[in-house]
Amino acid sequence: MDIARTELLIAAIARLLDGCRTIAIGNSSPIPGSAALLLRARTGGATRVLMLGSVKHNAFTDGARELFDCAAQGRIDAFFLGGGQIDGEANINLVGVGEHPRWQQRFPGSFGSAYLYYLIPRVILFREEHTPRVLVPKVDFVSAPGISPPEVYRRGGPAALVTGRCVFDFDRDRRRFRLASIHPGETADSIRVHTGFDYDAPADVPVTPPPEPRDLDLLRGRVAGEIAETYPRFARELFGAARISAAE
Amino acid sequence: MDIARTELLIAAIARLLDGCRTIAIGNSSPIPGSAALLLRARTGGATRVLMLGSVKHNAFTDGARELFDCAAQGRIDAFFLGGGQIDGEANINLVGVGEHPRWQQRFPGSFGSAYLYYLIPRVILFREEHTPRVLVPKVDFVSAPGISPPEVYRRGGPAALVTGRCVFDFDRDRRRFRLASIHPGETADSIRVHTGFDYDAPADVPVTPPPEPRDLDLLRGRVAGEIAETYPRFARELFGAARISAAE
Amino acid sequence: MAYDRLMQPVPLDDLAARIKPGLLIAIPPDYSGVSVAATRALVARGATGLRFLAVPTSGIQIDILIGAGCVAELEAAAVTLGEQGLAPRFTAAIKAGSIVMRDTTCPAVHAALQASEKGVPFMPLRGLIGSDILAHRPDWRLGDNPFVPVGANRADPIVFLPAIRPDIALFHAAMADREGNVWVGRRRELVTMAHAAKETIVTVEKIVDDSLLADEASAAGTLPALYVSAIAEAPRGAWPLGLAGVYPADTDALAGYAEAARTEAGFRAWLDRFLDAPSAAA
Amino acid sequence: MAYDRLMQPVPLDDLAARIKPGLLIAIPPDYSGVSVAATRALVARGATGLRFLAVPTSGIQIDILIGAGCVAELEAAAVTLGEQGLAPRFTAAIKAGSIVMRDTTCPAVHAALQASEKGVPFMPLRGLIGSDILAHRPDWRLGDNPFVPVGANRADPIVFLPAIRPDIALFHAAMADREGNVWVGRRRELVTMAHAAKETIVTVEKIVDDSLLADEASAAGTLPALYVSAIAEAPRGAWPLGLAGVYPADTDALAGYAEAARTEAGFRAWLDRFLDAPSAAA
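Residue numbers (our numbering), protein chains in the order written: chain A, 1 to 248; chain B, 1 to 248; chain C, 1 to 282; chain D, 1 to 282.
FYI, nobody ran anything at the bench for these hints, they're computed from the structure.
Be aware that a few hints might be false.
Capping the alpha-carbon separation at 27 Å, the derived lysine-lysine pairs in BS3-like fashion look like this [unchecked claim]: (1) K20(D) - K198(D); (2) K56(B) - K198(D); (3) K198(C) - K56(A); (4) K56(B) - K206(D); (5) K206(C) - K20(C); (6) K20(C) - K198(C); (7) K206(D) - K138(A); (8) K206(C) - K56(A); (9) K138(B) - K95(C); (10) K206(D) - K20(D).
Listed next, with one range per pair, are the computed distances between beta-carbon atoms [to be verified]: (11) D189(B) - R141(C): 46 to 54 Å; (12) Y247(D) - P202(A): 52 to 60 Å; (13) D209(D) - P138(C): 18 to 26 Å; (14) A269(D) - R102(A): 20 to 28 Å; (15) G85(D) - D210(C): 36 to 44 Å.
Every value quoted in this text rests on a predicted model; they were computed, and no experiment measured them.
All C-beta atoms, glycine included, are put in the ideal place defined by N, C-alpha and C.
Turn these sequences into a full structure, and let the hints steer you where they fit.
Here's what the structure looks like:
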């Protein structure tokens, strides 16, 4: 694990969550989870984090449907989705590459994306792998569309896409991504080369800023201990066992 | 309370429940409740009783909707309904006498009748008061209809009407009640006089049989103790405090 | 502390102050944790113009509120004092035409709240067709089941109930913890009410120090703080009704109410005693 | 005894014998009480032609069943071994075309089960429109919200999902009592599964003597015996998965499975060890 890079991603995502009161985190999402816990630490607990797989940070008591019902009730401000493929209109594919039903490559499946993407105001797409294989011109299967026609009930959708190379904002009116910042070591050209879809980019692309020192302290302290409850291996690799037990 | 009469009613109702595996009992129903518990005692516990208001005989753990969901799932064989008015087509009125919305006489309301009457196979109407005021030609408000046209989804409906004077069966094809038995002290004529709707009657009407001695033993023993949990006053008046504490 | 935030209990009157004219307030049945304490605070504040949804029935709570002139509208499957008979102030108000009453049936209330819980505009429900309840509900629609098999020689009519989204769910519970999680046990209609409502405000017997979410056993019967806007402590706050597993109903006090409230004057005298000191009303 | 009847536990193999070809079996996700014990018994019996509904996802359980040739059809929102990566036998079966796979999305599974729980033919659900999931589900219907206000200048399309009624709900729980009541805690998807299914069969860590319905606290997390057809005792019956509040997942054993099942031969060798003695498979 590239520690500095992972911490950069966490800080970049936390910035995108700014102002959210309630953030839900799906399964297998240690980096978004760390970002949400960082925001919570920074707001002195005012931000609520609902993290599947956690015991301490999971208030749900009505079974597996509660996350979905809760989103439909408008109680969740932000969520994360990934994608085996993601295209330039923010469509995501969690099912397979090739053709239905005998895919060339089969992914696990759509989970709740075909619902939550419509209902949670700020959905952040997160996929570390930034290659033309993942970021494609057109997904082979739309698990959930980035954009819906006006007659379709939709309160939410894509706000941004964070990869191992950069941050894109999504412009819902233009139905396109726009390069927002590139991580240290990348260039505007290197992003263009590794991205399979077309997107907007400003003339001068800022560099994704590193975590503030205060955030880094919170991350390596309180958040390290908190995320370790749900993602012990991730926390151990990123923060080291000593930090985690000190934080706990 | 007329003890012999109440025990007769309990036995008559228990007879109508014969063969039921699962019987639900609504609120404020000590006589139907006693009848269901009698059947349960008689079947050595093979009959399941779900009695609202009871702690010991109420297995529901999913809140107030579970009775209704459970009925819709087809898990309940028998239930009881009453009526401020009941007419000859087994329509029941639990809302009011006179005209909506400022009734001459307002009853509590329809409860779940507009649902359960359609879904539970064997619904037994029970109303002790047997007068032309209650048993009317046509109810002023249909809380729930006795009969539905064929296009309406309906798995259940009225099986019988038990009053303080007699037992009627209900013939769903003929859409009419038929006098099944009269309680001791009544005659075919006295029933006709006190009934506001028309009904069929055989030439010779049997008398409602008294409880079997074995049933009376169960009723005054085990059932007395069981019903006292939910209806202490009823049980005390009917069975006496000594019997109840002996049974408990 | 693993929890997101602490929730400071508020005084009962502050809690009642959140219940404003025109709001739709969902209240539970008599056996499920009725906040008589908040009812008293509402009456003491002189609340008026409130709209209530009984989930799915109500008793002494709505009768007091109606008698005290707090209620403009009511939707309920039934209003009754149970073993104590008819609800006298409700009955009087119907005759006087002083409240708007919408009759419904228990499962329709549950289903309409579940629609809001799931964020869908409606729920289909069996039964209902041919009932005069439906005839008096222009807000309900008779629809068709779209899943009738091809070739079936008739339609399958079914009622579509619009979602009900209460502004406030109001109830009384045995306990809350310091984060605002509320123990409801198996009274899960309270959970549905809270999920469906915009806000949930609760009175509790007591605040406990240990988190109700800390172990699987207590978590199973807990409404998470996520849904809860305000909590007030109100020991014996369901009295004269009971609270499951905590105290039984005070049947003498309920009988006393039923007797007193048979007349307007009797009700007023009862109410004065009730406002003066709740237990004196017995 | 206040309870209706005692429920005698059955041997695990008798329980598995109830699961017959063609039946639709609902199974929970990896975190919610998976009966790996019953899975093993099914494989040992050589079960074939089974249809599964994952509620709403599945992992090692369905991967074993697919690898062992027990599965004809599967409906799931996802199949994954989580941190251990893709489910290898599932992935291989998709490529081989040896199972019928119906992709869905989590809330659609919950809603379709709730439809059966409520005895309605369908449930409306938001989202879904524009997803290729919908495009591949001829059993789902695009309908219209009948409650669009008069004068609104467009329709409000919404998906209608047909009710799913499993023949059997199958899961593993921490305990049952002697009447057949089963403790599920806050894993309420198990309650919905049981309500929706015709029959529920359960393996449990242990049978306890005290009734789970005897007090409010334990009753809150209990599925009543009313819904339960058969129970078998199977200590550590979720292993190598975990059971909330009882034991954690055995990540080494799960990693061992993920590694072994990457090839058909590796899976067969793992399966032989698993059938021989479950813990030897680790």
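Evaluate the given range 52 to 60 Å for the C-beta pair formed by Y247(D) and P202(A).
Between Y247(D) and P202(A), where Cβ atoms are some 53 Å apart, the hint holds.
Take the C-beta atom of D189(B) and the C-beta atom of R141(C), compute their distance, and say whether it sits inside 46 to 54 Å.
Holds: the Cβ-Cβ distance is about 49 Å, inside 46 to 54 Å.
Agreement of K56(B) and K198(D) with the hint, judged by alpha carbon distance not exceeding 27 Å
This hinted pair holds, its Cα atoms lying about 25 Å apart.
Would you check the hint for K206(D) and K20(D), treating anything up to 27 Å between C-alpha atoms as holding?
At roughly 26 Å apart (the allowed maximum being 27 Å), K20(D) and K206(D) satisfy the hint.
Proposed proximity, K95(C) with K138(B) (alpha carbon, max 27 Å)
Between K138(B) and K95(C) the Cα gap is close to 22 Å, so the pair holds against 27 Å.
Is 18 to 26 Å right for how far apart the beta carbons of D209(D) and P138(C) are?
Violated: the Cβ-Cβ distance is about 55 Å, outside 18 to 26 Å.
Going straight from one Cα to the other, do K206(D) and K138(A) come out at no more than 27 Å?
Distance of about 52 Å is beyond 27 Å: violated.
Next pair to validate is K206(C) with K56(A); report whether the Cα-Cα distance is within 27 Å.
With Cα atoms ~23 Å apart, K206(C) and K56(A) stay inside 27 Å; holds.
Hint check: K198(C) vs K56(A), CA-CA at most 27 Å. Holds or violated?
holds (25 Å)
Is it true that the CA of K206(C) sits at most 27 Å from the CA of K20(C)?
Holds: K206(C) and K20(C) sit about 26 Å apart, inside 27 Å.
Pair hint outcome, K20(C) versus K198(C) [Cα-Cα no greater than 27 Å]
Holds, at about 14 Å.
Return holds or violated for the Cβ distance of A269(D) and R102(A) against the range 20 to 28 Å.
At roughly 26 Å between Cβ atoms, R102(A) and A269(D) fall inside 20 to 28 Å, so the hint holds.
Hints 7 and 13 from the earlier list are contradicted by this structure; the remaining hints agree with it.
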